[in-house]
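Engineer: Read off the chains here:
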Amino acid sequence: MAAQENAIQAELEQMALKIVLVEPGDLATVGELLEHLERLLTSPEIGSRSRLRSMGAVLWQVLDQIILATLDDSAENYAHLGEAIGVMQEAARQEDDADDRQVAAFCEVLRKTGFAVPDAEVAAGTVPLPKNVGADEATDAQEEESAAAGEGEAASSASEPSSAAPPEGETDATQAPGAAAASPASDNAEEEEEPIVQDPQEFMQDMDLLSGFVEEAMEHLETIEVNVLELENSPGDPEIINNIFRPFHTIKGVSGFLNLKAINKLAHATENLLDDVRNGVRAMDSDVIDVVLSVGDYLKAMIDNLREVIAQGPEAYKNFDIREYTRRIKAIREGKPSESSPAAPAPAPAPADTAASAPPAAPAAAAAPAPSAAPAPGKPAAPAPPASARASVSGKKVDASIKVNIEKLDALVNAVGELVIMQSLVQENPHIQAIVDPKLTRDFSQLARITSELQKTAMSMRMVPIRQTFQKMIRLVRDLSKKSGKIVNLVMEGEDTEIDRNMVDSIYDPLVHMIRNSVDHGVQPPEERQKLGKPPAGTVALRAYQKGGNMVIEIEDDGNGLNTEKIRQKAIERGLIQPDDNLSEHELNNLIFLPGFSTADKITDVSGRGVGMDVVKKAVEKLRGKVEVYSEPGKGSLFVIKLPLTLAIIDGIVVRVGSERYIIQTIAIKESLKPTREQYQTVCERGEAILLRDHLVPIIRLYQTFDIEPSYTDPCEAILVVVEHEGQQRALMVDELLGKQEVVIKSLGGLLTEIPGVAGGTILGDGRVGLILDLAGLFAAGGSRAGSGAGDQVEAESEMF
Amino acid sequence: MSTATAARSDASTGMKGLGGKYLTFTLGDEDYGVGILKVREIIGMMEITAVPHTPPYVKGVINLRGRVIPVIELRIKFGLEPREYDERTCIIVVEVQGASETVQVGMIVDSVSEVLAIPDEDIEPPPAFGASGLDSANILGMGKVKGRVKILLDVDRVVSREELQQFASM
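Sequence order for the protein chains is A and B. In terms of this note's numbering, the first sequence opens at residue 57 and continues consecutively. In terms of this note's numbering, the second sequence opens at residue 406 and continues consecutively.
Looking at chain B on its own, in the form it has when it is part of the complex:
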């Protein structure tokens, strides 16, 4: 119980204020969501240039209309089995807070589902999985929609600069 409260106060705005529109997507059998205001665009898979000395989940960089942006593979990031890309594989381009400015990052997901409005009262704090080793820091909360659970991601944490930087300096 105490962990749940801690997580509740951890989320800066509390579970209240998390309600809103989410872009939902799938990774394997699980449904995820990211706040729609974070999403810049959704593009199909494209050729990715690998960048050395980066964590394995960083697939490389792509050319987004003349801008070079990094792309991460969410499956690897979350410890899921990698799988072949297919025609449903997408890159969701999100905007996150960098060191001094916002930067764009692509996230490879299995498929994009829909945009859902999830009200405050349908969002629960992330459960504590305890010993399973799953880090719930990336999770804003759990949205319940029509009997299904959507895992709402905190993208600023998912692609934290510190983590990448640490790796680069290793």
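One chain only, chain A, in its complex shape:
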């Protein structure tokens, strides 16, 4: 017990330290104070000290009001708070609960801040805990009756304006008493139909704070969206509801402080709605989820606008009309409470104790007119058992992390890549290899181990889980299925698979496209599915895993599958294949990745016309990846994207042309061969090609393109490397294949950019620079160099394979 007593003291000590440091305007520190206070209020041993706990609760309200700007964010007030914390420290040090003198001193000093301190309740130790504090500790259960008893007076003594509200089921009745007093504006806000029109000058005083808010708010909104969607999978999980509530609370608080009225009001209204949910007054049904999502979108738009204001000045400010949203929220709150009887806490088992510990909720629900005809569809159907909720909380241990400038990180990864190469250079130096010294050998192997460890770590620093990208798809599927009237479950696997941070943004668009495709064209409407003997709800699976140095992303649906025959017809129609071309089913299916191919029968606004899978393929190839589709008619289709784990390193084949060496990325290589005379074809004696399994593949003589002296000028003596890029194949003529190597891609220095045919350089094993071939550039140059007439013809033919 003694150790736990120290926990209270430790928190108070931290708070005392922070309160000294806090300066007006420093809301972050105030937030930290609240965190300490929360820990203090939820610590088990506080239960036996109801007066101390009440002091903490009052302190909470004061801090809350400072954040909401109802109380002055001034140095004096912080000084008063400091004294109050001092009194609490004193009380915490003694064996018993705070004595009368301490209570009096505490109340007196806090009253100086302008806050209406409920002395009597502090003395009685019955100040209710603030609603945000995780109050489902066992000890609180004992306290909750007395707290509930005290609540009525607390509300009336602390908040005159809101006392009029409850009859209408008004927003603030559910607030902690202090907070209710804090926002009298929002009480009549819902009565007033005037849109909020604000002069941007009112909040543009401190641009630093404002841009800080914009950044943070965006992050919060992301969190909200992710959590709301998660909630659809585990409805009623109190932890998730809290995760949605908290960011709204923060946005409300800070926007209020910054005088961003519209944002503040909208966030506040939403917070109130969520508070009802937290307190079990109503269920988190699809109405609530919809409105929270749309509010989130609207807030994003508002905050985006703020970003413009910051960049372009006050003229960019738009007044957003939030009335529609506040009205909608109001309608939901009034119209469909999940429980019409006053016994609000009873029906929802999981959040029951939360509801009980925030007593003001009960009267509010009771007072609401509540047409009980609305039975709230998704009412806590499956409330997560409190035990598991607890477990997930403690399981989510957040790793400590720091933000690092991405350039620094890239520089580190680069340098480490070089280190690895240098180390092997030194080790392979013939002079060094001639040394026969066991210690040197040992040291070298140790060095090799350290460098490779270092490389692994450096690489992993750039890797992030693909989770966030996947989570954005939840929303997408939800919206799409609503729009198309299909029922689609999204199943995700391997969200923790890591991907190079630089690739995350680039992979997003192709994924969106493919998911759209699966929902729009893959999964059938429910009736049709039932006719086919499938469950009415379709499933789209999104998987990520690592396989052999690649990151694999799969999108699978259990819908129609591709109509191979239709693809064939269309391909013939478009002149992509000849009617007598003998293509396997798999080859036919993969024709959908060719430019301008779309099999959608009806045009929906979901996947519009002409945006085919070629876009996906292009994007994936840009990331040096591959995409393929596998399909079984009637059973569904599976799209597989293979990506390199990182963009910084590629797997390449080193080839030699004359005295120069070039690197071709392995993923583009189809095969390499020494052609026979019969395979070699010329077209009008200018274009040349080889015949490869009935397809003509144009030859690019690299030595010509790059103007160097080769070892062989006869294609039948040289080696042809067949590469594919954007659906086209070319045979690159080289002298020799030197081997496979992982190479770190580098730019050729700022002056040499956009060299046709060269994607970049790399340091080869011997320390020299090797050039990495850029297939797109080579193909383009190869076409123009082959002479106009013949070139075009070859070009056209090459697309026919």
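The set of hints was computed from the structure by calculation and includes no laboratory data. Be a bit skeptical, because a hint or two may be false.
Unchecked claim - According to the in silico footprint, chain A covers these stretches of chain B (three or more CB under 8 Å from chain A):
| hint | region |
| --- | --- |
| 1 | 451-463 |
| 2 | 481-492 |
To be verified - Simulated crosslink set (BS3-like; lysine-lysine; CA at most 30 Å straight-line):
| hint | chain 1 | residue 1 | chain 2 | residue 2 |
| --- | --- | --- | --- | --- |
| 3 | A | K796 | A | K682 |
| 4 | B | K464 | A | K796 |
| 5 | B | K426 | B | K482 |
| 6 | A | K74 | A | K459 |
| 7 | A | K374 | A | K356 |
| 8 | A | K464 | B | K443 |
To be verified - Reference listing, derived: stretches of chain A covered by chain B, where coverage requires no fewer than 3 residues with Cβ under 8 Å from a Cβ of chain B:
| hint | region |
| --- | --- |
| 9 | 757-771 |
| 10 | 824-832 |
Ideal Cβ positions, reconstructed from N, Cα and C, are used throughout, including at glycine.
Chain A is fixed; fit chain B onto it per the hints.
Structural biologist: Frame of chain A, contents of chain B only:
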């Protein structure tokens, strides 16, 4: 005379302010100088990887401690006869202004001489050679040191990005 004045006003700072320390080097019989603040380092000749589709004076790229930087051959750039590299051939790595950041470029020279302090008053504007076709845009001025003339180069112009870019897009 009028050309001389034009050149004088062309140089952004005028001949005044050009004084300072210069790293001098030779190309054939001529002495050249580059502002010491532009020079990052001097390295011996090393193997150069040719880069296609670049002007002839761009010899290629080298590995400078893990960075890939382009190297130009000043002899070719200035229209002098190319010659064999020997043990005195050096690469002077200079820093020039690129599109968005400074970039490093190597310049191959016959040999590096010394660092000289040349005061303002010893620097003359580049002469106008008129019909000889020599472009004096690359030249900051002519430094006179102990009876010898050092041709002071404007490296930002010598390795202008625009020129390289034009070539690449051709």
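Engineer: Please go over all the hints and tell whether each is borne out by the structure.
Structural biologist: Hint-by-hint comparison with the structure:
no.	hint	in the structure
1	451-463	holds (count 8)
2	481-492	violated (count 0)
3	K796(A) - K682(A)	holds (19 Å)
4	K464(B) - K796(A)	holds (27 Å)
5	K426(B) - K482(B)	holds (24 Å)
6	K74(A) - K459(A)	holds (23 Å)
7	K374(A) - K356(A)	holds (13 Å)
8	K464(A) - K443(B)	holds (24 Å)
9	757-771	holds (count 4)
10	824-832	holds (count 4)
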